[in-house]
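For the sequence shown, the numbering used here gives the first residue as 1, with consecutive numbering after it.
No lab work stands behind these hints: they were computed from the structure.
Mixed in with the good hints there might be a few duds.
[What the hints assert, rightly or not] No more than 27 Å apart at the CA atoms, straight line, and that leaves these computed lysine-lysine pairs for DSS-like:
no., residue 1, residue 2
1, K44, K75
2, K61, K98
3, K126, K93
4, K90, K51
5, K93, K69
[Claimed, not checked] So the derived label-pair ranges between C-beta atoms look like this:
no., residue 1, residue 2, range
6, E109, E60, 46 to 52 Å
7, L110, K44, 16 to 22 Å
8, D136, T84, 33 to 39 Å
From the three backbone atoms N, C-alpha and C, an ideal C-beta is built for every residue, glycine too.
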Amino acid sequence: MAKKTSGGCWDLSDQLDSDAVASAFSRLVSGGKAGYKAVIERKKEVPICKKCGKELEGIEKFCPECGEKTEWQKKKEEPVILLTREELEKKFKSGEKKEHEVLAYLRDELKIQENTAFELIKKWEKETREPEKTGDIDLNQFNG
Numbered sequence: 001m002a003k004k005t006s007g008g009c010w011d012l013s014d015q016l017d018s019d020a021v022a023s024a025f026s027r028l029v030s031g032g033k034a035g036y037k038a039v040i041e042r043k044k045e046v047p048i049c050k051k052c053g054k055e056l057e058g059i060e061k062f063c064p065e066c067g068e069k070t071e072w073q074k075k076k077e078e079p080v081i082l083l084t085r086e087e088l089e090k091k092f093k094s095g096e097k098k099e100h101e102v103l104a105y106l107r108d109e110l111k112i113q114e115n116t117a118f119e120l121i122k123k124w125e126k127e128t129r130e131p132e133k134t135g136d137i138d139l140n141q142f143n144g
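Model the full structure from these sequences, guided by the hints.
Below, the structure written as structure tokens:
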């Protein structure tokens, strides 16, 4: 039986070898008695200069070896092109942009509320799926 220490805490040292404690602890720590769960760690990718192959720290604007601009600096300097809603609609309907990209763009760049942007995308999808309606053809117009 556990007893209190002089500080008022419970002394559980006599319970350490208990199967119930081991079972509860193993479920908390590893997800079961079977042992620890496998943890997959991703190896951190070391940035490398595309021109000379030197390993970089990841904060440089230029390679200290050859002076080539780093990939992240080139990407940072790309011009930002803002699309209008109409241009975005054309890109979505043509399949150039995927739904999640369009949703993020509408929300983040054009500052449209997410639920409104989602409804807009659903409307565009519906319009894309519907075949274009053509006028009824009057076959009598071909009679001489």
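Checking each numbered hint in turn, tell me which of them this model violates, lowest number first. Result: hints 2, 4, 5, 6, 7 break, sorted rising.
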